[in-house]
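Just so we're aligned: the sequence shown equals residues 1 to 207 in the numbering used here.
What the hints contain is simulated information worked out from the structure, not anything from laboratory work.
Note that the structure is predicted; figures quoted are calculated from it, not measured.
Even glycine gets a Cβ: it sits at the ideal position worked out from N, Cα and C.
Some hints could be false.
Label pairs and their in silico Cβ distance ranges [to be verified]:
#, residue 1, residue 2, range
1, R91, Q63, 32 to 40 Å
2, A157, F40, 12 to 20 Å
3, E176, K89, 19 to 27 Å
4, G177, A101, 24 to 32 Å
5, R140, L174, 32 to 40 Å
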Amino acid sequence: ALYSRAGYGRSDPCQLPRRKSYMEDEADGVLPGVLDAIGFRQGLLLGHSDGASIATAYLGQNQDHRVRGLVLMAPHFFVEDVSIASIAKAREAYDTGDLRARLERYHGANVDCAFRGWNDAWLDPRFHDWDIRDRIGYVRVPMLIVQGADDEYGTSAQIAVAEQEAYCPVEIALLEGCGHAPHLQQPDATLRTIAEFAARLFALERE
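Model the full structure from these sequences, guided by the hints.
In structure tokens form, the structure reads like this:
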């Protein structure tokens, strides 16, 4: 199942500005209800960018034995200077370029809510010490991190943090010639990597 958070796609608008803790709020206050509503019994949590951070924050704070693994595409666990610089460029492209029109195809009437909710939060100086590294150590399921080698919003420091802080198995897929969106820029490699991870994970459970 795939869901759009409030303020994205065809979901209800969200209240702006978002709080500094908006990803933890989503993880602790929204995601559990979504999983219950869809009748989730067993599977993986897969998230991209903010979604990957939300998935990590959820399992780092909530014991959910239905979740057997995490797939994190371009996650961020703390704020890097490169992230802020790229997000500032995105604001300029939204205000003066064609980025708003391109995003409107996916978010419709929510386009400003979707972009401003994310962009304004990250560029707020109070957000620069946002950090969920303390939650990584409480994740108790295997995780796969899929990262583009040319990700403009984060570096391999995010991977290093997961490897240092996690007590669970961590697999890394660093994709060359790929930026922040592995599922769009390297779809075949991304799908293959995720499928192989899931197959290994559930094969082990059957043994």
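- CB of R140 to CB of L174, is that within 32 to 40 Å? Check failed, 24 Å falls outside 32 to 40 Å.
- Query: Between G177 and A101, does the beta-carbon spacing fit 24 to 32 Å?
  - Reply: 27 Å, holds
- Just tell me: holds or violated, for the beta carbon distance of E176 and K89 against 19 to 27 Å? 23 Å, holds
- For the range 32 to 40 Å, tell me whether the beta carbons of R91 and Q63 fit it or not. 38 Å, holds
- Message: Looking only at beta-carbon atoms, does the pair A157, F40 fall within the given range of 12 to 20 Å?
- Response: Since A157 and F40 have Cβ atoms about 32 Å apart, the given range 12 to 20 Å is violated.
Hints 2 and 5 from the earlier list are contradicted by this structure; the remaining hints agree with it.
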